[in-house]
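**Q** One-letter residues, chain by chain:
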Amino acid sequence: MRTPLPTMNEPRPTASPALEHSAARPEQVVQLEGIRKSFGKNEVLHGVDLSVHQGEHVVIFGPSGSGKSTLLRTINLLEEPDAGSVRVFGVEYGPGLRKGGPRGSAMELRRQVGMVFQQFNLFPHLTALGNVALALRTTKHMRRNEAEDRAARALKQVGLLRWAAHYPAELSGGQQQRVAIARALSLDPKVMLFDEPTSALDPELVGEVLGAMRSLAESGMTMVIVTHELNFAREIGDYMVFMDHGLIAESGPRGFLDRCENPRTQQFIAAVL
Amino acid sequence: MNLVANYDWSLVWEHRSELLHGMLTALEVAAVALVISTAVGLLLALARMGKAPLSWLAVIYINVFRGVPALVSVIWVYFGLSLIVGISFSVFQAGVIALVLLYSAFIAEIYRSALGAIPRGQREAGLALGIHPVPVFARVILPQATKIAIPNIGSMFIGMVKDTSTFTVIGLLEVVRVTQNLNSTTFQPFVLYTAAAALYVVAAFGIDLLFRTIEKLLATPPSGRVARAFSRRRRKRLEAVMLRLESASGRT
Chain P
1010 MRTPLPTMNE
1020 PRPTASPALE
1030 HSAARPEQVV
1040 QLEGIRKSFG
1050 KNEVLHGVDL
1060 SVHQGEHVVI
1070 FGPSGSGKST
1080 LLRTINLLEE
1090 PDAGSVRVFG
1100 VEYGPGLRKG
1110 GPRGSAMELR
1120 RQVGMVFQQF
1130 NLFPHLTALG
1140 NVALALRTTK
1150 HMRRNEAEDR
1160 AARALKQVGL
1170 LRWAAHYPAE
1180 LSGGQQQRVA
1190 IARALSLDPK
1200 VMLFDEPTSA
1210 LDPELVGEVL
1220 GAMRSLAESG
1230 MTMVIVTHEL
1240 NFAREIGDYM
1250 VFMDHGLIAE
1260 SGPRGFLDRC
1270 ENPRTQQFIA
1280 AVL
Chain Y
1065 MNLVANYDWS
1075 LVWEHRSELL
1085 HGMLTALEVA
1095 AVALVISTAV
1105 GLLLALARMG
1115 KAPLSWLAVI
1125 YINVFRGVPA
1135 LVSVIWVYFG
1145 LSLIVGISFS
1155 VFQAGVIALV
1165 LLYSAFIAEI
1175 YRSALGAIPR
1185 GQREAGLALG
1195 IHPVPVFARV
1205 ILPQATKIAI
1215 PNIGSMFIGM
1225 VKDTSTFTVI
1235 GLLEVVRVTQ
1245 NLNSTTFQPF
1255 VLYTAAAALY
1265 VVAAFGIDLL
1275 FRTIEKLLAT
1285 PPSGRVARAF
1295 SRRRRKRLEA
1305 VMLRLESASG
1315 RT
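Protein chains in written order, with my numbering: chain P, 1010 to 1282; chain Y, 1065 to 1316.
Because the hints were derived from the structure by calculation, they are not lab data.
Treat the hints with care, since some could be wrong.
Simulated crosslink set (BS3-like; lysine-lysine; CA at most 27 Å straight-line) [to be verified]:
1) P:K1050 with Y:K1115
2) Y:K1300 with P:K1149
3) Y:K1211 with Y:K1226
This structure is a prediction, so every number in the text was calculated from the model and none was measured.
With the hints as constraints, model all of the structure from the sequences given.
**A** And the structure:
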């Protein structure tokens, strides 16, 4: 499968359903162009383009090693692409350009883009409240009381306020991931990235996390989700992207999962669903 | 039971204050050295994990000083280093410096493995929140690494206290020196050195207990009586936060 089939992309709708009434096309919030990334001698992304619009929910799926997590992590510069353009809210962060170069800019980007990890990555030495309040105290330099109030509000939003004084080790996987979501939301990001948020969870805990993501989606948050949960993707996804071997093999708007033409895509969907 | 009858054990009680003072001096030297070597050791560990010329210097330092015995170190510092640097150290200062030179190397290795044990995702999560790398290190990585390092640092501390016994050669008035002095007047080495050994054992026991309490204090979730006292305060603060939130929204 070295030479992938040419990208079959269905045309994007001019407006996502949430913005039917706006006359203008929703602004492009994230724009990736020609992203290439290698780890050592292994090229993982062979020049990928992706754009995300305001309020859109983009779902990226595909087999392991297809580069989907790497692509997601390029958006908040946890992976620095070897080549290509990373444009978020109109500001260029890609390689070679002085503007996106120094550490400071990456920090600014990450304050507008929140991320939720597969392994939760909660800070084990802090309580749930402490986890959510940390960013507020260090980046927004809030005083402790104010930060804790904001953190408590964020925890209440995901329904975990009564667990605020507990440590991550005392929480179930689903609760930990919801705290992680609250933590990412504490800085009021404009885009949320999810890197296989339910892949490390017991099946019965997956639902509570998807529920939190669903309410986030309903509130109009721009989301880019890498996941294997294709039923969930079908429910909230505005634009689906199937990646294979470091390239986008096929992509399309709502209903894509039932309408895809690439046999590889069909094979993958049949295996997962 | 000849052991008890034929020896003058009352000597120990008679000279208890001198012996205890000697132990106190040993503990003071070791404690000061502990604080400084932990700081230096951490810096060395960071240098070791850093970039080219600095990391080599750190490696050389660590490998050299892990091999030097305390006795050699303290003589070298007291008589040699003071000449090189031009400052004449007191015996206390020389003792501290000698211990720091050695134990910062060990602690550097302890911290290096502790830092390596922290999953990469911790740093990524901190950075992904837009936190600057320095506070990510200080507030996320370092607390976790220190928790891992504490038991080993405790063992190092016991080693430091024992190494102070060699400082008698430069005249520091610690346990062995006191025992030697007493022995030269009373000629009861068995009794006196048994007492000295017992002092070291008690000190080691105490330090072990101290560090185990510290570990329990730092454990999350908190375990042990002291830690639970702290968590009661935390819960009170949390209740205040929740009260403010509920009064703001007007709902339970």
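**Q** With reference to the structure, classify each hint as holding or not holding.
**A** Structure-based check of each hint:
As the CA atoms of K1050 of chain P and K1115 of chain Y are separated by approximately 23 Å, the hinted pair is consistent with the 27 Å bound. Taking the CA atoms of K1300 of chain Y and K1149 of chain P, the gap is near 25 Å; set against the 27 Å cutoff, the hint holds. Between K1211 of chain Y and K1226 of chain Y, the direct Cα distance comes to roughly 24 Å. Compliance with the 27 Å bound is thereby established for this hinted pair.
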